[in-house]
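S.K.: Line by line, the protein sequences are chains A and B.
As numbered in our numbering, residues 1 to 190 make up the first sequence, in order.
As numbered in our numbering, residues 1 to 190 make up the second sequence, in order.
Errors might be hidden in some of the hints.
[Unchecked claim] A few chain A residues facing chain B, derived, Cβ under 8 Å:
no., residue
1, Leu15
2, Lys21
3, Asp23
4, Ser24
5, Gln29
6, Val30
7, Val32
8, Glu58
9, Ala63
10, Ile66
11, Glu112
Calculated directly from the structure, the hints in this document are not laboratory data.
The beta carbon of each residue, even a glycine, is placed where N, CA and C say it ideally should be.
2 protein chains.
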Amino acid sequence: MEALKARILAEGRDLGSGILKVDSFINHQVDVVLMKQCGEELARRFADVHVTKVLTVEISGIAPAIMTALALGVPVVYARKTKPITMPDLLYLATAPSHTKGQTVDLMISPEYLRKGDRVLIIDDFLASGQTILALVRLLRAAGAIVVGVGTVVEKTFEGGRDVLKDIGVPIESLAIIKAMKDGVITFAD
Amino acid sequence: MEALKARILAEGRDLGSGILKVDSFINHQVDVVLMKQCGEELARRFADVHVTKVLTVEISGIAPAIMTALALGVPVVYARKTKPITMPDLLYLATAPSHTKGQTVDLMISPEYLRKGDRVLIIDDFLASGQTILALVRLLRAAGAIVVGVGTVVEKTFEGGRDVLKDIGVPIESLAIIKAMKDGVITFAD
Numbered sequence: 001m002e003a004l005k006a007r008i009l010a011e012g013r014d015l016g017s018g019i020l021k022v023d024s025f026i027n028h029q030v031d032v033v034l035m036k037q038c039g040e041e042l043a044r045r046f047a048d049v050h051v052t053k054v055l056t057v058e059i060s061g062i063a064p065a066i067m068t069a070l071a072l073g074v075p076v077v078y079a080r081k082t083k084p085i086t087m088p089d090l091l092y093l094a095t096a097p098s099h100t101k102g103q104t105v106d107l108m109i110s111p112e113y114l115r116k117g118d119r120v121l122i123i124d125d126f127l128a129s130g131q132t133i134l135a136l137v138r139l140l141r142a143a144g145a146i147v148v149g150v151g152t153v154v155e156k157t158f159e160g161g162r163d164v165l166k167d168i169g170v171p172i173e174s175l176a177i178i179k180a181m182k183d184g185v186i187t188f189a190d
Numbered sequence: 001m002e003a004l005k006a007r008i009l010a011e012g013r014d015l016g017s018g019i020l021k022v023d024s025f026i027n028h029q030v031d032v033v034l035m036k037q038c039g040e041e042l043a044r045r046f047a048d049v050h051v052t053k054v055l056t057v058e059i060s061g062i063a064p065a066i067m068t069a070l071a072l073g074v075p076v077v078y079a080r081k082t083k084p085i086t087m088p089d090l091l092y093l094a095t096a097p098s099h100t101k102g103q104t105v106d107l108m109i110s111p112e113y114l115r116k117g118d119r120v121l122i123i124d125d126f127l128a129s130g131q132t133i134l135a136l137v138r139l140l141r142a143a144g145a146i147v148v149g150v151g152t153v154v155e156k157t158f159e160g161g162r163d164v165l166k167d168i169g170v171p172i173e174s175l176a177i178i179k180a181m182k183d184g185v186i187t188f189a190d
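Bound conformation, chain A alone (with noise of 0.2 Å):
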C-alpha cells in the first residue's frame, strides 16, 4: 500500500534492535484517514473468506481492528491482556511471549463473544515473530472458532512471524512489507 509505505519512509524511525517507531501515526498517535484506508484494503484482501468476526489484540491493534470491520460490516472483538471486572473468571487464556516487553503477556477473550463456527479474521499493527497471533489462532481453536485469515499493517520479515504462521495454513497479507532495518534505513520487500 503505497501511501501507507511513503508514511513509513516519512516518519518512521528505525530504534534498533528491529524496533520501527511509528508513534506519529499508528502507536501513540493514529492518523484516522490513513488508517480507515488501511481497514478498507485489509477489508478487501479478505472479500472472499467469508469473515464475521475481526479479532485483535488491545492496544494498537485495536485501531487496525475497527477500520478492517467498518469496511467488512462485522463486530471486532480485542483480547485483555489483565482481566477487567467484567469478564467472568470461565474464559480464554493463552500466554504469548512479548516481543517489546521481554517477558510474557496474557491474552484473555471471554466465551460470550468467541462461539463455535465464527469465522475470524486476526488483524494487528504487526507482525513480527508471529507469537502474539498463533496465541490467539490458539484461542480461537480452543473455542472452536474458524481461523479465515491474518492481516496486519507492517510486517518484519526479519523476525520470522510469517513462517511462525505458515502451518496454520491461512492466506496471511501485510500493507507495508520490510526486509530491513539497518543503520537508520527502512528497505521494503517489494
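With chain A held as given, fit chain B onto it using these hints.
M.R.: Chain B only, in chain A's frame:
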C-alpha cells in the same frame, strides 16, 4: 442517542457497585456500526469548537475516539498507561485514581504529539468519577494545549464526574446518561 440507549437496555448489565457491563458492544466486543454512529454524533455536538486533535486513554476509549476523530477529520492521540520502548524519556505523566482497578494509573503522553495551541477534544467510553479525564486535562494544560470539550459514550451521573469537571469550563456531552442503576434496573436521566 436512542440507538445506544436501546442497546444498553437490551444488553447492558448492572453488576452492582455502579459497574455497568457493556462488553458485548463497547468494552470487549465492539459494534463498529453503532460506534461509528456514536462518533458521528459526538463530532456533531462539537462541530463548532474547532477541534484539531482528539485525546483519549487506552484501552476502551480508543474505539469511540477513533470514530469521533474520523468524523471530525483530525488525528487521535491515546494516552498510554505503561511506557512503550518507543516513547521518549521526557514525557507528560499524570496519575489518576482508577475507578475499576482500585489503585492509581499513570497516564503518559509524548510531547511529540501534544503541542501548544492544539485544540483538544477529550473522548472516553465512560464518564464516571471524572478523575481520568481530569488527569488528561492536567496533561493538556502542562503542554499548553487548549481543552475544547469532553465527550463520552456513557455517563453515570451518580458517580459525580460532571461536577468534578465543572471547573474546566468546557462543554461536556454524553450520548447516554444513566442516573441510577438499582436491582438490575438501568434508568436514564431523560
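S.K.: Does each hint hold? Answer for all of them.
M.R.: Against the structure, the hints:
With a cut of 8 Å, the hint placing A:Leu15 at the interface with chain B holds, because the nearest CB-to-CB distance is about 7 Å. A hinted interface residue such as A:Lys21 counts as satisfied when its beta carbon comes closer than 8 Å to some beta carbon of chain B; here the least separation is about 4 Å, so the hint holds. For A:Asp23, the interface hint holds, since its Cβ comes within 8 Å of a Cβ in chain B; the closest pair sits about 5 Å apart. The interface hint given for A:Ser24 is met, as the beta carbon of that residue sits about 7 Å from the closest beta carbon of chain B, less than 8 Å.
At about 4 Å, the closest approach between the beta carbon of A:Gln29 and any beta carbon in chain B falls short of 8 Å, and the interface hint on this residue holds. With a least beta-carbon distance of about 5 Å to chain B, the hint placing A:Val30 at the interface is held under the 8 Å criterion. A hinted interface residue such as A:Val32 counts as satisfied when its beta carbon comes closer than 8 Å to some beta carbon of chain B; here the least separation is about 5 Å, so the hint holds. Look at A:Glu58: its Cβ gets to within about 5 Å of chain B, closer than 8 Å, so that hint holds up.
Because the beta carbon of A:Ala63 sits about 6 Å from the nearest beta carbon in chain B, less than 8 Å, this interface hint is met. With its C-beta approaching chain B no nearer than about 6 Å, A:Ile66 sits inside the 8 Å limit, and its interface hint holds. Annotation: interface hint on A:Glu112 holds; nearest CB of chain B at approximately 7 Å, less than 8 Å.
Hint check: no violations occur; every hint is consistent with the structure.
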